[in-house]
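J.: Residues per chain are reported as follows:
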Amino acid sequence: MSSRSQVYLLAFMFFALGIGLTLYKNQSLGFPLLPGESKEVWTVESKVTFDATDAPITVSMILPQAGSNMTVLAESFSAPSYGFRVKEENGQRRAIWTQRSTQGPQTIYYKLDVVNNEDPASLAPPSPSKASSLTLSSEQEVQAKNFLEKIKARSADNLSFSIEMVNQLRALKENNKRGVNSDFKNKSVAELSLILLEVGGIPSRLVRGVSLEDGRRKQKAVDLIEVYNSDQWVIINPQNGQEGTPDDVFIWQRGGVSLLDVEGGVKSKVRFSTIENDQPAKTVALDKGTVEQSALIDFSIYSLPTESQSAFKRILLVPIGALVVVLLRIIVGLKTSGTFMPILIALAFIDTTPLAGLAIFLSIVSVGLWIRGYLSRMNLLLVARISAVVIIVIGLMGFMSVISYKLGMTQALTVTFFPMIILAWTIERMSIIWEEDGPKEVMMQGGGSLFVALMAYFAMTNPVIEHITFNFPEMLLVILSITLVVGQYNGYRLTELYRFRDLAKGQKG
Amino acid sequence: MLFVKPNLLKERGIIGMNRRNVDYIARYNARKLYPIVDNKLVTKEYAKKHNIAVPELINSIQYQFEIKQLEKILTGVDKFVVKPAQGAGGKGILVIVDRKGDTFYKPSGKEVSFDDIKRHISNILSGLHSLGGKTDIAMFEKLVDFDPVFERYSYEGVPDVRMIVFQGYPVMAMLRCSTHESDGKANLHQGAVGVGIDIKTGRSLFAVQDGRMIEKHPDTGSAFSELQVPHWQEILPLSAACYEMTGMGYLGCDIVIDKNLGALILEVNARPGLAIQIANDKGLLKRLKLIEEKAPKSTSPEERVKYSLDHFSTD
Numbered sequence: 189m190s191s192r193s194q195v196y197l198l199a200f201m202f203f204a205l206g207i208g209l210t211l212y213k214n215q216s217l218g219f220p221l222l223p224g225e226s227k228e229v230w231t232v233e234s235k236v237t238f239d240a241t242d243a244p245i246t247v248s249m250i251l252p253q254a255g256s257n258m259t260v261l262a263e264s265f266s267a268p269s270y271g272f273r274v275k276e277e278n279g280q281r282r283a284i285w286t287q288r289s290t291q292g293p294q295t296i297y298y299k300l301d302v303v304n305n306e307d308p309a310s311l312a313p314p315s316p317s318k319a320s321s322l323t324l325s326s327e328q329e330v331q332a333k334n335f336l337e338k339i340k341a342r343s344a345d346n347l348s349f350s351i352e353m354v355n356q357l358r359a360l361k362e363n364n365k366r367g368v369n370s371d372f373k374n375k376s377v378a379e380l381s382l383i384l385l386e387v388g389g390i391p392s393r394l395v396r397g398v399s400l401e402d403g404r405r406k407q408k409a410v411d412l413i414e415v416y417n418s419d420q421w422v423i424i425n426p427q428n429g430q431e432g433t434p435d436d437v438f439i440w441q442r443g444g445v446s447l448l449d450v451e452g453g454v455k456s457k458v459r460f461s462t463i464e465n466d467q468p469a470k471t472v473a474l475d476k477g478t479v480e481q482s483a484l485i486d487f488s489i490y491s492l493p494t495e496s497q498s499a500f501k502r503i504l505l506v507p508i509g510a511l512v513v514v515l516l517r518i519i520v521g522l523k524t525s526g527t528f529m530p531i532l533i534a535l536a537f538i539d540t541t542p543l544a545g546l547a548i549f550l551s552i553v554s555v556g557l558w559i560r561g562y563l564s565r566m567n568l569l570l571v572a573r574i575s576a577v578v579i580i581v582i583g584l585m586g587f588m589s590v591i592s593y594k595l596g597m598t599q600a601l602t603v604t605f606f607p608m609i610i611l612a613w614t615i616e617r618m619s620i621i622w623e624e625d626g627p628k629e630v631m632m633q634g635g636g637s638l639f640v641a642l643m644a645y646f647a648m649t650n651p652v653i654e655h656i657t658f659n660f661p662e663m664l665l666v667i668l669s670i671t672l673v674v675g676q677y678n679g680y681r682l683t684e685l686y687r688f689r690d691l692a693k694g695q696k697g
Numbered sequence: 008m009l010f011v012k013p014n015l016l017k018e019r020g021i022i023g024m025n026r027r028n029v030d031y032i033a034r035y036n037a038r039k040l041y042p043i044v045d046n047k048l049v050t051k052e053y054a055k056k057h058n059i060a061v062p063e064l065i066n067s068i069q070y071q072f073e074i075k076q077l078e079k080i081l082t083g084v085d086k087f088v089v090k091p092a093q094g095a096g097g098k099g100i101l102v103i104v105d106r107k108g109d110t111f112y113k114p115s116g117k118e119v120s121f122d123d124i125k126r127h128i129s130n131i132l133s134g135l136h137s138l139g140g141k142t143d144i145a146m147f148e149k150l151v152d153f154d155p156v157f158e159r160y161s162y163e164g165v166p167d168v169r170m171i172v173f174q175g176y177p178v179m180a181m182l183r184c185s186t187h188e189s190d191g192k193a194n195l196h197q198g199a200v201g202v203g204i205d206i207k208t209g210r211s212l213f214a215v216q217d218g219r220m221i222e223k224h225p226d227t228g229s230a231f232s233e234l235q236v237p238h239w240q241e242i243l244p245l246s247a248a249c250y251e252m253t254g255m256g257y258l259g260c261d262i263v264i265d266k267n268l269g270a271l272i273l274e275v276n277a278r279p280g281l282a283i284q285i286a287n288d289k290g291l292l293k294r295l296k297l298i299e300e301k302a303p304k305s306t307s308p309e310e311r312v313k314y315s316l317d318h319f320s321t322d
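Residue numbers (this note's numbering), protein chains in the order written: chain S, 189 to 697; chain F, 8 to 322.
In isolation and in its complexed conformation, chain S is listed as follows (with noise of 0.2 Å):
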């Protein structure tokens, strides 16, 4: 294979996996491609209160569980003076909280935040056997048939014949205000349901969930019950009939276990309040993944501590500069003094804002060539030369800072930022162009290299590219690739259509 066909398959491989990871971590990781994209996130708290009896309390709630609606980004229990812990339960998880004795009012908090799962896991079908835990009296039983049997003629499956069932159930709730059957009265059209569905053997299951409402306090649970139809389970909503997950409401727990046990303690009970924030897509989506484990992200940059994040926030902007370069310099045919020097000045101008380090840069190059102009009938050595111009180029920066701060002008203060070393050498070089080729050579390569500069200064900064770049570091390989393509681009360059301008003219073929 030649080497061209090799860079252009090599090139193709790294564009093709810098641009799938990228899509990866966006459809499947939910990273946003573009900054400032924000999800819903509900913070849910439940409070759980009691009064306690002065014997050993034990409380037990229920957690939220796998197949809900919404994933969990992060929880955390408060509860001072009670020991804690999870327990795993049939596949259920309890918050565990205990306590010796004590007496009055106690409250324990859970808060969680939480996020719409757009892929919630699938739920496992119902177990057969089942021991029954209906307790109903042989007339109740009888009733609770003929009831079903009416239903059953106006239906055609499970699904169906809930819907019916409830509205049935709902109407003759409003109808029957002040019925006789204290039983029926006292029940709610929810756990109605369940016992006649369980009377008619279609599989069901109570669901308990927290409606989701900003700015909502005290709520009690959502009783929603659940019912196995065409190898699925379907929720319905007991409050209205209608089938499917309602959106507002944050499935908590599936089956009916009890939401709060609690031992030494009277008057319990557990209350939710809500409130909906919104936050950085980027954020949610990185929580998510911890929580996840996506080995994605477990290896990536966001693993690292904070600190070193915003070092490589900078790093990674590097390659985008060293692009404008290659771009500028191949395609277009600038000259600039050093290769990448633009780069390390783009890279000040992040800190001192564009103008101000023109202003700077300017003001310290033409002082030091000065300066430099002066060393150079010195006869010193090279070495010792360019240190004694880094010297002086330390000594301006002090001077400008103080000098500036003094007169109010805090911008002058960012100086600090140029990296003095390539200050130094800038000088130096300049002021051999400038002896050998004239100072037409130094305006066009000092003019080239701050003009390469602040085109990489406004590609690094450009907020769309700053985020792609820290947040899909996968993006560096598409950036070699089109660095490998344009490493073969043989053909002319913009300055050389200017150059060579007379060439076209010839009169000769």
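These are calculated hints, taken from the structure and not from any lab test. Here the structure is a predicted model, which means the values were calculated and not measured. Glycine included, each C-beta is placed from N, C-alpha and C at the ideal position. Mixed in with the good hints, there may be bad ones.
Claimed, not checked - Below, computed lysine-lysine pairings styled on DSS-like, alpha-carbon distance capped at 25 Å: (1) LYS523/S <-> LYS141/F; (2) LYS455/S <-> LYS523/S; (3) LYS628/S <-> LYS117/F.
To be verified - Short derived list, chain F residues pointing at chain S, Cβ under 7 Å: (4) VAL11; (5) PRO13; (6) ASN14; (7) ARG19; (8) ILE21; (9) GLY23; (10) ASN25; (11) ARG26; (12) ASP30; (13) ILE32; (14) SER133; (15) LEU135; (16) ILE144.
Go by the hints and put chain F onto chain S.
T.: Chain F only, in chain S's frame:
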């Protein structure tokens, strides 16, 4: 029109920097051969080995402490050239054409003292003019006693012939004449005049300064149309032999013509510039392609010169 359409240049076979770098220099010049041409002292050694004529080396200085002996080195030497062994682009070359006591004179008549020369050498040794700032060696060469034919065409400096040699075949030539603007230097980007030379006859074709066509030398006023490079038949095989000497497939060699010694190889360049195309008003590409595709592989410089004479005449 400030810019031309790229396809016009393509039609004329003009080579740009990128194509030169990718398709010729990277492909035909092995990296390991670079030291032969990048260090002029090494070039001289190789040239001697291959019986190629070069200007005589007077002395060389490698260490700063040796600079003290400059007076001794220069005893009885009135005309010389100081250059960095690894200088690039004609940088750091100091030409001395006359001496009165301890005062030296540049071609422009500018006075230069011993201290100036010492500082210049010190800079050379520190690597100021070399690629990548490597420490360097300062070499003293005998000043070429240039052929009087050139007096009319050169101002304060020695004109040299730049020949592009591709796979051993001389491909294109130009004469570089220094001007007042170029301060006696023969580099086109410093303002020297480039005169395209016909490969077959050694006669001038075209002259440019600063990228524009000119008729007469700006300082001497002589018309370039009458210019004929002397010893032309000697220059061709000399340049062709640089291929065997360096092993480089794409090179530019600089040749000076000494009144008494004839053609001498001044230096060999692994990255010859493209201005030669402007001076010849002709693109390099067609000639390079012809050699790449059709020219017989020949080990004899004379045979290759013959092929070039047959194919690359402009008339």
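J.: Can you give the numbers of the hints that this structure goes against, from lowest to highest?
T.: 2, 6, 13 and 16
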